[in-house]
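Chains as they are written, first to last, in this note's numbering: chain A, 49 to 162; chain B, 1470 to 1581.
Any given hint could be a false lead.
No farther apart than 30 Å at their CA atoms in a straight line, the calculated lysine-lysine pairs in the DSBU-like style are these [to be verified]: (1) 1525/B x 55/A; (2) 1568/B x 55/A; (3) 55/A x 1536/B; (4) 1568/B x 113/A; (5) 1536/B x 1525/B.
These aren't lab readings, by the way, just hints derived from the structure by calculation.
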Amino acid sequence: SAVISQKPSRDICQRGTSLTIQCQVDSQVTMMFWYRQQPGQSLTLIATANQGSEATYESGFVIDKFPISRPNLTFSTLTVSNMSPEDSSIYLCSVEPRVGDTQYFGPGTRLTVL
Amino acid sequence: EDKVVQSPLSLVVHEGDTVTLNCSYEVTNFRSLLWYKQEKKAPTFLFMLTSSGIEKKSGRLSSILDKKELFSILNITATQTGDSAVYLCAVRGGTSYDKVIFGPGTSLSVIP
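So that you can see chain A by itself, here it is in the shape it has in the complex (with noise of 0.2 Å):
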């Protein structure tokens, strides 16, 4: 497995303001994605984010909302953009030490935009 923290644990944020989520990892992974839990919702897939090149977004998520750095193989940022009330999610990151293998999953960020 591998140890994941992320930061901030928690936000509030005014309406058409942007926060960024760093996601650490304490050793070299392949593979690093970010999740979105909205209220009472399952885990959705917001994005892998590649190694030095620019993220795979999902179907529904677009680079300009949901702006992802991966700058080596240990960190990653997730930014969400001019937000809105509907942001109110939990975002997760998780890492694939190896590729096909298990994904474990950071704290997560509780997001709440007033």
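Starting from the structure of chain A, add chain B where the hints point.
Here is chain B on its own, set in the frame of chain A:
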């Protein structure tokens, strides 16, 4: 369209009861099925299943996969209040490329 279905969506039991949670799937290019426990924010990994008929066990929890009938069950025996959580089933696979698809979860409440 690839999908993962769980039942029941919620369940309330008394301490000491045994529960069975169900997960069925329709996912092309199936590779593995995963079970997670989510108590607050972060899902914690329970089991990964790749082969039919082989039970995975960890303490009071066990799980088995049937690839012919496309389902899995998660059993919890002698439930405790600490088992109260959302249990997520996820399947790795996909039409165009490999990804993990999550089911809606089963919310389990264990009351004293």
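Each hint, compared with the structure:
no.: 1; hint: 1525/B x 55/A; verdict: 34 Å, violated
no.: 2; hint: 1568/B x 55/A; verdict: 25 Å, holds
no.: 3; hint: 55/A x 1536/B; verdict: 39 Å, violated
no.: 4; hint: 1568/B x 113/A; verdict: 22 Å, holds
no.: 5; hint: 1536/B x 1525/B; verdict: 15 Å, holds
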